Every structure is written in C-alpha cells, then in structure tokens.
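Trainee: First to last, the sequence lines map onto chains A and B.
Using the numbering used here, read the first sequence as starting at 1 and increasing by one per residue.
Using the numbering used here, read the second sequence as starting at 1001 and increasing by one per residue.
None of these hints come from the bench; they were simulated from the model.
Predicted model only: the values in this text are computed from it and were never measured.
Accuracy of the hints is not assured; some may be wrong.
[Said to hold, decoys possible] Using C-beta positions, here's what the derived DEER-type ranges look like: (1) Lys14(A) to Ala1216(B): 43 to 51 Å; (2) Gly27(A) to Gly1207(B): 33 to 41 Å; (3) Arg122(A) to Trp1230(B): 48 to 56 Å; (4) Ile1227(B) to Asp61(A): 39 to 47 Å; (5) Arg122(A) to Ser1252(B): 17 to 25 Å; (6) Tyr11(A) to Val1123(B): 39 to 47 Å; (7) Val1123(B) to Lys59(A): 16 to 24 Å; (8) Val1265(B) to Lys59(A): 43 to 51 Å; (9) Tyr1041(B) to Asp195(A): 44 to 52 Å; (10) Pro1247(B) to Lys14(A): 48 to 56 Å.
[Claimed, not checked] Okay, derived cross-link-like pairs now, SDA-like style, lysine to any residue, Cα gap no bigger than 25 Å in a straight line: (11) Lys235(A) to Val282(A); (12) Lys63(A) to Arg1035(B); (13) Lys63(A) to Lys82(A); (14) Lys82(A) to Glu110(A); (15) Lys82(A) to Arg1122(B); (16) Lys126(A) to Ser1018(B); (17) Lys63(A) to Ser1018(B); (18) Lys14(A) to Ala1280(B); (19) Lys126(A) to Arg1035(B); (20) Lys123(A) to Pro1071(B); (21) Lys123(A) to Ile1274(B); (22) Lys82(A) to Asn1028(B); (23) Lys82(A) to Ser1018(B); (24) Lys126(A) to Val1037(B); (25) Lys123(A) to Arg1122(B); (26) Lys123(A) to Arg1278(B); (27) Lys126(A) to Ile1274(B); (28) Lys82(A) to Arg5(A); (29) Lys126(A) to Arg1038(B); (30) Lys235(A) to Gly162(A); (31) Lys123(A) to Arg1020(B); (32) Lys14(A) to Tyr52(A); (33) Lys63(A) to Thr1043(B); (34) Lys123(A) to Ile1034(B); (35) Lys82(A) to Val120(A); (36) Lys63(A) to Leu114(A); (37) Lys59(A) to Ala1105(B); (38) Lys59(A) to Glu110(A); (39) Lys123(A) to Thr1032(B); (40) Lys82(A) to Thr1109(B).
Note that the Cβ used here is the ideal one computed from N, Cα and C, for glycine as well.
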Amino acid sequence: MIEVRGLIKRYGVKVAVNDLSFDVEPGHVTGFLGPNGAGKTTTMRLILGLDYPDAGTVKIDGKQFASLANPMREVGALLDAKAVHGGRSAYNHLLCLAQTNNLPRRRVGEVLELVGLTEVARKRTKGFSLGMSQRLGIAATLLGDPAVLMFDEPVNGLDPEGILWIRNLMRALAAEGRTVFVSSHLMSEMENTADQLIVIGRGSLLADCTMDEFIARSSGQTVRVLTPQPDVLTKAVTEATPAAPPPTTNADGSLTVHGLTAAQVGDLAFDHGVRLHELTVVRASLEAAFMELTADSVEYRAGDGRPAEQPFPVSEGVN
Amino acid sequence: MAATTQTQPVLTALPPASGRAGFRGTLNSEFTKIRSVRSTYWTLLVLLAVSIGIGAAITGGTAANWSHMGPSDRASFDPTQASVAGLFYLGQLVIVVLGAMTLTAEYSTGMIRTSLTAMPRRVVMYSSKVVVFAIVALVVTFIAAFVSFYLGQALLASTHDTATLSQPNVLRAIAGSALYVTLCGLFAFAIGAILRHTAGAITTVIGILFVVPILAHLLPRTWYQDIERWLPDAAGRALSVTVGPQPDHLFSPWGEFTVFAVYTVALLVVGAVIFRNRDA
Chain A
1 MIEVRGLIKR YGVKVAVNDL SFDVEPGHVT GFLGPNGAGK TTTMRLILGL
51 DYPDAGTVKI DGKQFASLAN PMREVGALLD AKAVHGGRSA YNHLLCLAQT
101 NNLPRRRVGE VLELVGLTEV ARKRTKGFSL GMSQRLGIAA TLLGDPAVLM
151 FDEPVNGLDP EGILWIRNLM RALAAEGRTV FVSSHLMSEM ENTADQLIVI
201 GRGSLLADCT MDEFIARSSG QTVRVLTPQP DVLTKAVTEA TPAAPPPTTN
251 ADGSLTVHGL TAAQVGDLAF DHGVRLHELT VVRASLEAAF MELTADSVEY
301 RAGDGRPAEQ PFPVSEGVN
Chain B
1001 MAATTQTQPV LTALPPASGR AGFRGTLNSE FTKIRSVRST YWTLLVLLAV
1051 SIGIGAAITG GTAANWSHMG PSDRASFDPT QASVAGLFYL GQLVIVVLGA
1101 MTLTAEYSTG MIRTSLTAMP RRVVMYSSKV VVFAIVALVV TFIAAFVSFY
1151 LGQALLASTH DTATLSQPNV LRAIAGSALY VTLCGLFAFA IGAILRHTAG
1201 AITTVIGILF VVPILAHLLP RTWYQDIERW LPDAAGRALS VTVGPQPDHL
1251 FSPWGEFTVF AVYTVALLVV GAVIFRNRDA
C-alpha cells in the first residue's frame, strides 16, 4: 500500500509534480500512465526518498520509506536498469544490495535463477543487453520478497518475449497480494497488464480509476450503422441529437453515429421505418482515449490556455 | 499463470528479519562493492608499484652515487625519508583517485539510485563508505610504507647509513607517511561527495595538495612562512623527516598531521550533510 498525499516537487521554476494524491492498493497491478515528462519518474523518486518533496507526504504501509526497518523486505523498486556499476558482476551487484538488509547470500542465487541470469552471474554487467539489465534489475527488486514493487517503464527496449515475461511476472506478483506499481507512457503496454490506473499529465492527476472504468468512460464510443436509407436515418439522428456532431459517412457507405447508444439508434430507426443491416458499437482504442485525456498535458507543446478538462474520475478517497 | 509456476519453486521464503538494517550490513555491502570492481585492484597495484618503485629508485640511486657525495650531503641524507618518499609524494596522487571514485563512481554509473533504494538511510551508507575506504587505504599504505622502508634500507646497505625501526622518529616517519596518504584519500572522498564528479574531484584535490603550495611559495617570504604550517601538504613533509632539525615554521609532525586531519574531518562532515540533504 502506497499513500501519496499532496506531493509537490519543483525543479527551479518548473513544477514537476503538482499536488499529487493517490493510493496504490495491494493485490492489483496499478498502471502509472502519463506522457513523457509528466512526472512519473519524479513521483517514483519521491516515493523512494531519492528526491525530497517541496510539500506533501508519501507513506508505504504507514511509514516513510527511509524509516522502514528493512527497506528491501518492504519495497522492491526498479527505476533504471542501467543504474548499476558496469564493472561489477551480476552476482556481486545483487550481493552488495542484499547485504545492506542482511538478506541471506543464497537469496542472490535464487533470484538470479528466477530471472534466468544464472549462467551470466559472474559476468560483468557492462556487457549486458538492455533485456538482461532489466532482468537483473527485477532480480534486485525480488531479493527482499517485498510486499510493494515499483517498476519504472520496465518493458522499454525489451523484445516481445521479455515483455510477456514481465507482464506475467507482474500479474503473478499482484495475484500473491502484493502492491505492484508500474509506470508507462504507452497505454497499449498497460492494456493487458494493469487493472488499476493512475494517469498524470504535467505533474497533475488526470485519472485514478479501474481499467474498466477508464474503458467505460472513454469518450470515443460511437455506433456504426449500415442501412439502405442513410439519408432518412441521418435526418432522424440529427433531429434527435441536435447537440452531437451529425453522423458521418464512411468509405463503405456505413454511418458513424455519435452521442447515441446502439439501442437508441435501433429504436430511432424502427420509429422512422428505416431498415438496418448492421448496428455495431465501436470503441475507440484505449490508446486514443489516453491520448485524448493527456493531449492538453503533453510536455513541450505550446499550450492554448484552455483549462484542463477532467472527463475521467479522480478517486473519491483522495483529496 | 506461467510466472506463478516459476515463482513458487525457485524463491524460498526468507527467514524473518533479525533487527533493523544498519551499519553492520552496510559495511559488508560497501566492502563487497570496493572488492568487486577491477579499478580498486588497479589503483592499489599502481599505488604499491609507484610507492615502492620510486622509493627503490631514490635509495638505489643514492647508494650508487654515495662515493661521490660530500660529507655534508651524507650527513643530511635521510635514509628513512628517502625510502618512503615515493609513497608520500606520489602515492597520494594515486590514492586520491580511489578516494574520490569511492563515492563519485556511484553517481557516474547511476548506481547511487539503486544503492539508496536498498539502503535509504544515507548517513549510514556514507559513513560505511568512509570506514571501508579508510580500512582498505590504511592496509595498503602501511604495506607500501613498510615494504618501501625495508627495500630502501636493503638497497642502502653498501652505504652503511641505514635506518632501523628503533632509531628515533623512524617508525613515526613510516607510519606517518601511510597515515598521511590515507588522509589524502579521505580528503578526496570528501571533495568527491561535495562535487559528485570524479574528474572534478580529482582535479580539485590535486590543486589543493600540489598547486596551492606552489602558489603559496610565490608569496613574499614572510607571508609564506606565516601560512606554511596551515597548508594541507605540510603534514607529509613534517612526518617523514627523521634526520636533522624539523622544517622551520611548521608545527610538530603530529601537530601538522592534526591540521590536515581537521581539514579532512571538516570536509567529510560537509560531504555527509550534502549527501544527506541533496536530491540523489
């Protein structure tokens, strides 16, 4: 359980994290999403005490990270897989971490086995591929058998097999009742992994909800209709929903109807005696919904001064 | 799920924690760190080679030249100082590299983020690093000092002007050289903690230990004599002299050592405060 309250971090005049509050609950994979530069890594550094916040608090199981009795037994965190001394062997890298928390030496061999690095345990990490480094970083997070795991962009640069491995591992860790907090700038990476979402943009919270809620509330839901009488239906729909954009005609002659459910379109057609050959709900991809949500908060794009809209729910437990 | 079937058999349960993670484990960790990278061995080998090699060159050269030396040169010759000169003149250059890198390498590699995620109590990690580096430096500099001394005396045997440990000031000169070089390493460690940059730290320390005394020499003579005793390199010169009077205008050998030790401890404290308070 990670509790973030009113977190603020400035670097000079730039506000990296702006009054961020959220909880990360055990038993789930919680996706931490935002465009590049949104403040995800900074937030994770603040959680781990690598940076000090200008305001706000972070509690892990009720305590500050630095005051945990045995930090590695409570939290395993992988921020940057390349943040190792390249001249040190994988075994010695893990050993020097394990020793800080008085973890048994045999544990090093076990985690190396788990991530599949046993054969290169005595090799210096300088020659490791990014995938091997990620595996080494994950091995380090598991040394202390922690209840809370944090991964910053863990699949960056991995091959498909490695991505699948990490996804399965994260889900398995969550299924064991652990808190799994994983950041990404791509919704597609979270789609099949996370069941909770925290979305930030420019350091501010944009959404804190379940993946299902995010899907349900994504504003891109439309209805695709195929009818031999498109003109009649278009007129009927436009009269019924003057506020919504009028139906658009697709290349195959079908209509895309905005602002009505499939049932409403079907009823409307029946009332006007329009025959329907197809009636399909079309969901915008999650990626599109995510991009729409974060469009205003993408770094390094000139702002147009509009206030940020909040079409997605922000968790009620947090203020 | 596939990963679950992997997780269960491989990872056995951890024994329950026996107390709080602190100095004991972090000292072990820092010792593992320093012994598990090649740069440590290279640096220490270079330290031994330079110290012993230069000492041997000076003493061997003196022995070869002895018959041509006049009585006053022979009288002022200091067989102890000559044998350990390689250590305190050039060994300090080498130890400065290792001392600075002990902390700055954590920043240049990014390892500091991983280290502090395992042991977030920063003062514990900082002091563990200081202790482990000091122990390693003491062991190696004492080996260098005694090997240099005995090798130097063997090379000087033909001159019949050799030193033994029982003579006045000889043991002080040998141990003092080792301690002085260790202090130089700790001085560099502290500058490394303040600057967080390997090259910057090494350059700064060499500037303070070598360039500042040279610049000080350019001052008017009386000014120089007033400040000489406060220069950090005075300790090495004062400690290593065993023959004739102590250099003028300096405190006693251990007094000079104390001056340098106070500078070093003060900088180590400044480094610790910065290490604790600054974002990693």
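Trainee: Could you tell me which of the numbered hints above are not met by this structure, giving the numbers in increasing order?
Mentor: Violated hints (numbers, rising): 2, 4, 5, 6, 8, 12, 13, 16, 20, 21, 23, 25, 26, 27, 28, 30, 31, 33, 36, 37, 38; every other hint is consistent with the structure.
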